[in-house]
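Residue numbers (my numbering), protein chains in the order written: chain A, 1 to 542; chain B, 1 to 183.
Honestly, the hints are just simulated from the structure, not real lab data.
Treat the hints with care, since some could be wrong.
Beyond 12 Å from chain A on every Cβ pair, some chain B residues (computed) [stated by the list, open to error]:
hint: 1; residue: Asp44
hint: 2; residue: Arg87
hint: 3; residue: Ala91
hint: 4; residue: Ala95
hint: 5; residue: Arg110
hint: 6; residue: Leu112
hint: 7; residue: Asp132
hint: 8; residue: Ala134
What follows is a set of in silico ranges between Cβ atoms, one per label pair, in the way DEER data are often shown [stated by the list, open to error]:
hint: 9; chain 1: B; residue 1: Ala181; chain 2: A; residue 2: Leu475; range: 28 to 36 Å
hint: 10; chain 1: B; residue 1: Asp82; chain 2: A; residue 2: Glu243; range: 28 to 36 Å
hint: 11; chain 1: A; residue 1: Gly276; chain 2: B; residue 2: Pro114; range: 53 to 61 Å
hint: 12; chain 1: B; residue 1: Gln182; chain 2: A; residue 2: Ala150; range: 38 to 46 Å
A virtual CB, placed ideally from N, CA and C, is assigned to each residue, including glycine.
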Amino acid sequence: MSATDQESETNGSANREPSDRADVCVVGAGPAGGIVAHSLAERGHDVVVLEAGPRFSFEERIRRMERHQRPAFDQSDVWEMGGERDAFRSSGDLNYPLNDVRVKGVGGTTLHWIGYTPRFHEKDFEMDSRYGLADDWPIAYEDVRPYYAAAEREMGVAGGEDNPFAPPREESFPMTAFPPSHSDSMLGAACEELDITTHSIPQARNSEAYDDRSQCVGYGTCHPVCPSGAKYSGDVHVRKAEEAGARVLDRVPVQRLEHDDAGERVEAVVYATPDGTEHRQEARQFVLAGGAVETPRLLLLSESSQYPDGLANSSGAVGRYFMDHLLHMTMGVVSEETRQHQVGFSTAATHQFYDHEESTPGSFFVAFLNYAGPSPVELALENGAWGDDVVDAVSREYGTHVGTEALVEQLPDAESRITLDTSRTDDHGNPVPDVAWSIGEHGVRTGERALEVQREIMDEAGARVTWSTSPRQPLSGSHPMGTTRMGADPETSVVDERLRTHDLDNLSIASSSVFTTGGAMNPTLTIAALSLKAADHVDEDL
Amino acid sequence: MELTRRDAIAALAAAGVAGGGAVLVASDRDRGPESNDDEGATNDAHEDIVETATALAPVLYPSEVDDAAEFVRTYVTGRIEDDDDHRTGMADAAAALDGHAAEEFESNFRELSPEQGDQLLTDVGLDRVRPDPAGSDLERIRFYLVNELLYALFSSPTGGELVGTENPPGHPGGLESYQGAQR
Numbered sequence: 001m002s003a004t005d006q007e008s009e010t011n012g013s014a015n016r017e018p019s020d021r022a023d024v025c026v027v028g029a030g031p032a033g034g035i036v037a038h039s040l041a042e043r044g045h046d047v048v049v050l051e052a053g054p055r056f057s058f059e060e061r062i063r064r065m066e067r068h069q070r071p072a073f074d075q076s077d078v079w080e081m082g083g084e085r086d087a088f089r090s091s092g093d094l095n096y097p098l099n100d101v102r103v104k105g106v107g108g109t110t111l112h113w114i115g116y117t118p119r120f121h122e123k124d125f126e127m128d129s130r131y132g133l134a135d136d137w138p139i140a141y142e143d144v145r146p147y148y149a150a151a152e153r154e155m156g157v158a159g160g161e162d163n164p165f166a167p168p169r170e171e172s173f174p175m176t177a178f179p180p181s182h183s184d185s186m187l188g189a190a191c192e193e194l195d196i197t198t199h200s201i202p203q204a205r206n207s208e209a210y211d212d213r214s215q216c217v218g219y220g221t222c223h224p225v226c227p228s229g230a231k232y233s234g235d236v237h238v239r240k241a242e243e244a245g246a247r248v249l250d251r252v253p254v255q256r257l258e259h260d261d262a263g264e265r266v267e268a269v270v271y272a273t274p275d276g277t278e279h280r281q282e283a284r285q286f287v288l289a290g291g292a293v294e295t296p297r298l299l300l301l302s303e304s305s306q307y308p309d310g311l312a313n314s315s316g317a318v319g320r321y322f323m324d325h326l327l328h329m330t331m332g333v334v335s336e337e338t339r340q341h342q343v344g345f346s347t348a349a350t351h352q353f354y355d356h357e358e359s360t361p362g363s364f365f366v367a368f369l370n371y372a373g374p375s376p377v378e379l380a381l382e383n384g385a386w387g388d389d390v391v392d393a394v395s396r397e398y399g400t401h402v403g404t405e406a407l408v409e410q411l412p413d414a415e416s417r418i419t420l421d422t423s424r425t426d427d428h429g430n431p432v433p434d435v436a437w438s439i440g441e442h443g444v445r446t447g448e449r450a451l452e453v454q455r456e457i458m459d460e461a462g463a464r465v466t467w468s469t470s471p472r473q474p475l476s477g478s479h480p481m482g483t484t485r486m487g488a489d490p491e492t493s494v495v496d497e498r499l500r501t502h503d504l505d506n507l508s509i510a511s512s513s514v515f516t517t518g519g520a521m522n523p524t525l526t527i528a529a530l531s532l533k534a535a536d537h538v539d540e541d542l
Numbered sequence: 001m002e003l004t005r006r007d008a009i010a011a012l013a014a015a016g017v018a019g020g021g022a023v024l025v026a027s028d029r030d031r032g033p034e035s036n037d038d039e040g041a042t043n044d045a046h047e048d049i050v051e052t053a054t055a056l057a058p059v060l061y062p063s064e065v066d067d068a069a070e071f072v073r074t075y076v077t078g079r080i081e082d083d084d085d086h087r088t089g090m091a092d093a094a095a096a097l098d099g100h101a102a103e104e105f106e107s108n109f110r111e112l113s114p115e116q117g118d119q120l121l122t123d124v125g126l127d128r129v130r131p132d133p134a135g136s137d138l139e140r141i142r143f144y145l146v147n148e149l150l151y152a153l154f155s156s157p158t159g160g161e162l163v164g165t166e167n168p169p170g171h172p173g174g175l176e177s178y179q180g181a182q183r
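In isolation and in its complexed conformation, chain A is listed as follows (with noise of 0.2 Å):
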C-alpha cells in the first residue's frame, strides 16, 4: 500500500458505496468541486463529491518539498501524476503538457498552483462587442461582480488598491497586499523610465493568518507545495463541506454519466472503486467540476443512442474552443545580487497593457519573478560537485538573475480541442484525451507585444537577456478553458448563464471550461466566483 493510500484509508471515507439519497452529485474535489459542495452543504442540501485522484495527508506536504527540491525526482511525482491513470495524447500544433498542469486528488490543481487571483476584466467578457473577436460572454462583469468578492473572501486573498488598471470593486481586500521584494524596486524603477506603472498582485495566500490557517512563513516552495497551508487550495473548502454534512469519496473515477429516457434528465453518474467494481450514484442535481479537460471528456464518454455525440452536445461544442493563457517569460542577469528564491511567488506586475483600444495585439500583463534562475538548493544538488567545489558552483550560477512573464491571451478557435483518442485507453478501459492545443495569430501578434516590453524593461533595468520564449513556441499558462463554452444559443454553446447545460436540465458544470473566451488573467478567481454562482442557481432548483 502506497503512502497516499495509507492516507487516503485513513483520511477519507474507506465506504466508497453509493449514498442512498442525494440532492447534489459534485464531479470533482478541486476548488470549483469544493465551493459548490460547501456552498449547497451549508444551506442544507444533501451532497456527494467523487473525486479521481487521492486524499493527500497535510502532513506529508513538507516531504512533496523535498521531493521538489531533489533532482532524483520529476515533477509529476510530487502530486503522484502520470502512469495509466492519466494516460493522454497531445496532437496539436503545440505540445501540450497535461500532466504539468494538473494535479488529481482532493484539492485539484489548486494544490500545485502559485495562487495568483486577479479578476478579470470588463473587456474579457465583451470580446465581440469591443473588438469583433469571438464571441460575448452571456453575462456581463457586472453580474459576476458580487461573486468575485465573495469568492476573494472564501478564499482569502492578499490584495492591494493601488493597481489603476483593475476592473471596479466594492470592498477592500481581505488581507493586505504582500509587499514588493528587493528585485521588483530594480525592474520597478526600469518601468518608471519608460512610463510603465507596477502595482501589487492579488493572490490568495495569507499575509496575515486568515480563516484558521497561517501566514506565509517563506519556505520559497509555491509551485508546487505550500507546506504551511499559507497559500488557499480546494482542500479547505472541501474540508469545510464535509463539515457542512457533504460526502466526499476518493479514488472514485467518474466512468460516464447516464440519463433518463426522455434524455432530458442526468439519472446517475457510474462511478468505479479501486477494486474496480462499478457504483451508480444518482442524484437530483449534478454538477461537473474535473477541469476543462476531464469534463469534455467525460461528456463525450457518456454517448447513448440518443446522444451518439455525447451528452450536452447536441452544439457540437464540447471539448472544441480548448484555450490556454499563452506564459512568455524574458530572463537576464544583472551585475548585483537580486534575491531570488526567498519566496516562492512574485509581488509586482503592470496590468497596463490589458485594455487595449485596437483588436490586436490583444491583452496580457507583465508580472516580475522573485524566483528567477536555478534555485540554490536544487544548483546544489544536481551539480555533482560537493566540498567547496559546490559552493563554486551554486555561487557562480545564483544570485544575479531577474526575470519576466507575461501571460498573454489567446482566442478560441473550434480545431483547438479536446477529443477522445480511441487509440489508448486508461487504466479503467476508457480511451484518454487527446489535446489539439493551437494558439491562432492573435495569440502570436500579442505574444510579440508581450516580449517587446519585456525585454524593453530588462533592457532598461540593464540586464543582459539570457533566455527568452518566442512567439509561436509560448509555454502553457497551465490554465485549460472553454471547452464547455457558456452561451445563450444552444446551437453554439454548452451552458447557459446559469451554468447550466442547455440540453439537460439537472446537469451544470463548474469549471473553466465554461469561459466562452479566456482573457490573459489567472483563472482560479473567475472559477470560484462562478461555482458560487452556480451553486446559487442549483440550490434555487432544488
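Take the given structure of chain A and dock chain B to it, following the hints.
Chain B only, in chain A's frame:
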C-alpha cells in the same frame, strides 16, 4: 562558519521531521544496558549510519564549515528515527560505501581521513552519478548519503549563507529577507 544544532533542526524541518532535536535527546537517553537484542541491533545500525555520515561531512561540506559533527549527528538521527524506509536506505547505502572503501583502502569509510574519503568518492566517479533511491550502489550512495547531507546543509540558513541566501527554498525563514537588498 559553525553549523549548529539549531541549523540541524532547521534542516530537519525542511525534510519533514518536526522536533528533531527532541528526538535525538530521547534516543540518546533510551539507549542503555537494558535494551534488548533487537533494540541493540537497531541502535548499532543507527550508529553506523551516523558515523558514516559524520565521516562524510568534512568531505562533502565546504572548508568554510568548521565542525559539522553535531549538525550531522542531529540531522541524521532525526531523519532516520521514525522512518524505517529511510533508515534502511541509508544503512544500505552506508554499507555499499563501506564496500567501496574496503576495496580501495581495506577499511570502513568512517575510518578514512577526509582526504582519503574525497579520493574514494572521486575514484568511483560519484560526481557523475545521478541520485536514485532505487538504483545501483553508487546511485543510492548519491541519493541517501551525498545528496542527503547536501540537502541538509543547503536548506538550512547557515548553509544558504554560503551561497548568498539566508532563507533558502525549503526553509520557512519568513517574509523579511525577500524584501531587502542586504543579507
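Checked hints:
1. Asp44: holds (27 Å)
2. Arg87: With a cut-off of 12 Å, B/Arg87 remains clear of chain A, as the shortest Cβ separation is near 15 Å.
3. Ala91: For B/Ala91, whose nearest Cβ neighbour in chain A is about 18 Å away, the distance exceeds 12 Å, so it holds.
4. Ala95: Non-interface label stands for B/Ala95: nearest chain A Cβ at 19 Å, farther than 12 Å.
5. Arg110: Non-interface label on B/Arg110 holds, nearest chain A Cβ at 17 Å vs cutoff 12 Å.
6. Leu112: Given that every Cβ of chain A is farther than 12 Å from that of B/Leu112, nearest at about 15 Å, it holds.
7. Asp132: Label violated. Min Cβ-Cβ 6 Å, cutoff 12 Å.
8. Ala134: At roughly 9 Å from the nearest Cβ of chain A, B/Ala134 sits no farther out than 12 Å, so the non-interface label is violated.
9. B/Ala181 x A/Leu475: 28 to 36 Å: With Cβ atoms ~30 Å apart, the hint holds.
10. B/Asp82 x A/Glu243: 28 to 36 Å: Since the Cβ atoms of B/Asp82 and A/Glu243 sit about 30 Å apart, the hinted range of 28 to 36 Å holds.
11. A/Gly276 x B/Pro114: 53 to 61 Å: Distance hint for A/Gly276, B/Pro114 holds at roughly 56 Å.
12. B/Gln182 x A/Ala150: 38 to 46 Å: The hinted range 38 to 46 Å holds for B/Gln182 and A/Ala150, with Cβ atoms some 42 Å apart.
Violation of the numbered hints given earlier is confined to hints 7, 8; the remaining hints are satisfied by the structure.
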